[in-house]
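Undergrad: Reassemble the complex: the two chains are provided individually, in unrelated frames, and hints are given to aid placement.
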Amino acid sequence: MNREPLLEVRDLSVSFHSRDAVVHAVNRVNFVLHPGEVLGVVGESGSGKTVTMMALLGLLPSPPARISAEAVRFDGQKLLSLPPDRLRAIRGHRIGFIFQDPMTSLNPVLTVGYQIMEPMRHHLGLTRVQARDRAVELLDLVGIPDAARRLNDWPHRFSGGMRQRVMIALALACDPQVLVADEPTTALDVTIQAQILELVRSLREKVGMAIIWITHDLGVIAGLADRVMVMYAGQIVEQAGVGTLFEAASHPYTRALLGSVPDAGGVRRDRLMAITGQAAVLYRPPEACPFHSRCDEAVARCREEVPKRHSCGEEHDVACFRR
Amino acid sequence: MSRASVAEGPDGRTPLLAVEGLKVHFPVLSGVLRRSVGTVRAVDGVSFTIHRGETLALVGESGCGKTTAGRAILGLVPATAGSIRFGDREIRGTPESAIRDIRPAMQMVFQDPQESLNPRMTVLDIIAEPLDEHRKGPKGARRGRVMKLLDAVGLARSVADRYPHEFSGGQRQRIGIARALALRPRLIVCDEPIAALDVSIQAQIVNLLDDLQNQFGLAYLFISHDLGMVRHVADRVAVMYLGRIIEVAFCDEIYGNPAHPYTRALLSAVPMPNPEVERHRQRMLLAGDVPSPSNPPSGCVFRTRCPFAYDRCRTDVPHLRPVESGHFAACHLSE
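Taken in order, these protein sequences are the chains called B and R. First residue of the first sequence? That's 19 in the numbering used here, and the numbers climb one at a time after it. First residue of the second sequence? That's 456 in the numbering used here, and the numbers climb one at a time after it.
With the rest of the complex left out, here is chain R (with noise of 0.2 angstroms):
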């Protein structure tokens, strides 16, 4: 397999996004002097692409680097190593100012609406501070684009006064849409938008993350843990294991034929909301923990909790390869 077929996507097109190699790492401070002792690999060489309109989905358990890598792309990280290319310009290693013209094409949804929303801020002041920043329009316009905003979100304009704890999660949560779409966005990054909100709210932000999807045409870094929602909203999927990807795939490929086992074990230990289901299933239940992404395994990260491993999974690191087009797995059985 080539580079390129994972950084082209499913049509061949330049990739609105485009992530080569990226690495995050964090130093373990230790002592008095704060002495470097060790170094976290919370991002570990990932490569994925997403393309205009499209939404892929970084999935994978706590601890194994999907929030961090979806925050290097934003900047709110430093990355390590490797290349984030936004449209045809490079990104990392850029002076702030020199691409402070395609920030506000890239914004972010955040896990919790209630700690991502200044309290002492009207929803008005909220919503309008990235077009206050970015100097967006004439000041006259600024209430009026918050407006349109709310409406596009679902809320009706009179809350435009009011104060973030007047409102449930689910509110707070279209606010933090609302902020996130001032700018025109073509790309958000979510972050496990849904995970603090009750199951029935859940299904509101997933319906209307779809309809601003069609209406503005944007694409969206989805990362999540909850398997049974991304295969509701993702085109393709990308599993994070230990700071690396290990299978990427067109979402029914990877939940009608995971190839790699960790994917298979992750499958497999989603609970289905079916009785007749859950009491014929196999599943596949791995042992242990995850190891520390301080000190990861040799070869194959996942080969610790692996039922499948053999002598090479210790010493080669599986690479990337294709399983069938537009499938890909990191694993040394499935060459």
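Only chain B is shown next, with the shape it has when bound in the complex (with noise of 0.2 angstroms):
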């Protein structure tokens, strides 16, 4: 792919620092994001996924967390040394994002329309009878009835699947170049689920914008991401299309994952592989691959240094000394 990419993370690390430790959060961070497409971010809570792209976002408060970069690039800008009015420009703006829970994202003392009318106006210049008008088009967009009666209501009168649409409305208000779900449907029923994965396959077409989706279930990432990056421990330990990573995975980390998942619909598995142990808290820089102490083909090498990502395939790099 010679696309230029519209996102580009060079070396990001995120520590957090309190008064008696460190946390390594994130180690280390290479990635692209390019125009148009879906890049699926699959990891267990504490990897760093949410972490990542909250400091990209410019969204942690420091202290406690501290950034660092080699690069970080939207669209041509550094958006880590831009001065905070010009990073909220962006954010919100050119690039949407939606959280897990819709009900403590939205303020429940504004009405929703409100809430959709505000980034417009000030992002877009958009008039009031404008921003309405536009408010209306979108809550109808994402499948909200009688759109134009329920700007007028406050958060609490939505369901929480009706709530995430506001959220994915809101996301979109400002016409993102990018949006950047963080488990959006996590804390939904499956049949809810399923209208707003469908909402977000048809927008994808409609409007065209490239998403980062975060999630822990493979199921959804199966059937929304082109491409997938795995985190582990801080790191990405492994990045591929996404039908090589179900097909042909090949960080050990990434095997297990997938044979801990049961099939809903393929065959029934006598015993699901179960991986020892737990994710290990950094509190000193890595100096190891993040995995050696619950994985089966460690060797001396992998508690001794960390592991660069590799090319290990077509589109399809890992971190892992034994690939």
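Simulated from the structure, these hints should not be mistaken for lab results. Careful, some of the hints might be misleading.
[Unchecked claim] Just some of the chain B residues that point at chain R, by a computed CB distance under 7 angstroms: (1) T209; (2) V238; (3) F264; (4) P280; (5) L290.
For every residue, glycine included, the Cβ atom is placed at its ideal position computed from N, Cα and C.
TA: Right, dumping it as structure tokens:
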């Protein structure tokens, strides 16, 4: 792929500093996002997937967070060195985002209409009437019935699925080039999740934005992503096209993760493959492969050196010495 | 279909647990005088059986009443109507003192091991609490029994004197399971036992539950919204919607040949970890949200979201009827 990436991240690290300890949450992460593609980010809790995205968007309070990177470029601009007001002009305008819990990310004392219209008036300079028309259009688009009337409702009047639709409308309000979605369907029931995923698939075709979709649900990734990054203990351990990842996963962690999920449609297995132990929290910068203590294939080198990602196939790379 | 055929399990023996017409209604109170202004019909006429050593999964979306049904069986919420029989004894309406001897045989594993373990108690005391409560065994045997339970759930004996906050989610769930095992139960109600855990840890706990079932001949009522995992653990599956069981069948039957439109929609909504399958999948999307259980629709409770609903669904309540042997669905279309 020789296209110019929309977003490029090189050697991004994030650590959190408290009086007693330092936690290295993200360690030298590298990735790119191309226009119009859906990049899935998979990892368990604490793997650093949310922190990575929050750092890019300038949403981590510093202190306690310390962010360092060789480069974070969005459409030619260096994101991390932008002054806060310039960054704010990008965030919510050219990069939209949706978080997991729609209840805590909507302001309970403002009407839904106000919350959708406000960024459009601010970023796009629309008048009140124009913003209102567009807000109705957006709520229609995300499938909220009776949109014009519901603009005047407060968030508590919406169900969980409806609130998440409002969040999507809000994220789309200013025609973003990138949508960052952090576990947006995890708190929802499966039939509602299916509605939201269908909506995102159709919006992607209509609007053509690039999407970063963070989740721990491999099924959701299989149905939505073009390309997948697997994160473990603050590092990207494998990156591949979605078909390759599910058919020919290379990293022992990715393989174990795939083996630990039952398939509701495929063959019923006798026993799930469990990964023994649990993910370590890094109180020091990594000096070894983060997965070595749970890995069946670990050798001496895995305990002494951090593996770098290297290519192991077409658009497929993995951070493992045994590959 | 006779009622007996639902009450009787796969092999016709007396079931370990037989629930008939179970209802749990909660009053909606309002105003200064806390007057009752309505009723939430959380569980509204549910019948099922569980046999010795069997896993029955109770599945459905949030608010369908699956957790309330599980809690009512253990007496953690009062049942409004119906019958709950454990072996040959009726539990519902019987004074607690008269059934104290059978309570140990029915235990529960909770969803959130963070909230269900007392942070001020050591692991030893947490696991031994049911032993103390039911005065099982001599005092001196207490520690020894706890050690055996720790072995059974795969925890090191050295953890006995530590406190819950020192453990990860998966380890805490193991402690919760050890506590549930302490009184040698025959039935464990597992209420979303893995929902709060990471994917790689979920497999550990599910494998543990599987081992314990084989080792101790346990029956499980496995309450879950995770249909992928349910297919892996269950012998039979009962699907709940708005306080009712709308379909019940053997596991392979329900996944391979679902009869009720809601079951079909629910299964088609589960994302599968296979990009090829996902790309070519026909989905049956449901419109709208689940109606409120304080004001359920007339007739079939699913009719407001059902793409096949017709006149009769508005007026007649469908009852569970046999589709195949051991497979029942509550839908006018499958008659």
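Undergrad: Run every hint past the structure and note whether it holds.
TA: Hint-by-hint comparison with the structure:
For T209 (chain B), the interface hint holds, the least distance from its beta-carbon to any beta-carbon of chain R being 5 angstroms, beneath 7 angstroms. For V238 (chain B), the interface hint holds, since its Cβ comes within 7 angstroms of a Cβ in chain R; the closest pair sits about 5 angstroms apart. Contact between F264 (chain B) and chain R, as hinted, is supported at the beta carbon level, the nearest pair being about 5 angstroms apart and thus within 7 angstroms. Interface restraint check for P280 (chain B): the shortest CB-CB distance to chain R comes to about 4 angstroms, inside 7 angstroms, so the restraint holds.
Contact between L290 (chain B) and chain R, as hinted, is supported at the beta carbon level, the nearest pair being about 4 angstroms apart and thus within 7 angstroms.
Violation of the numbered hints given earlier is absent; every hint is satisfied by the structure.
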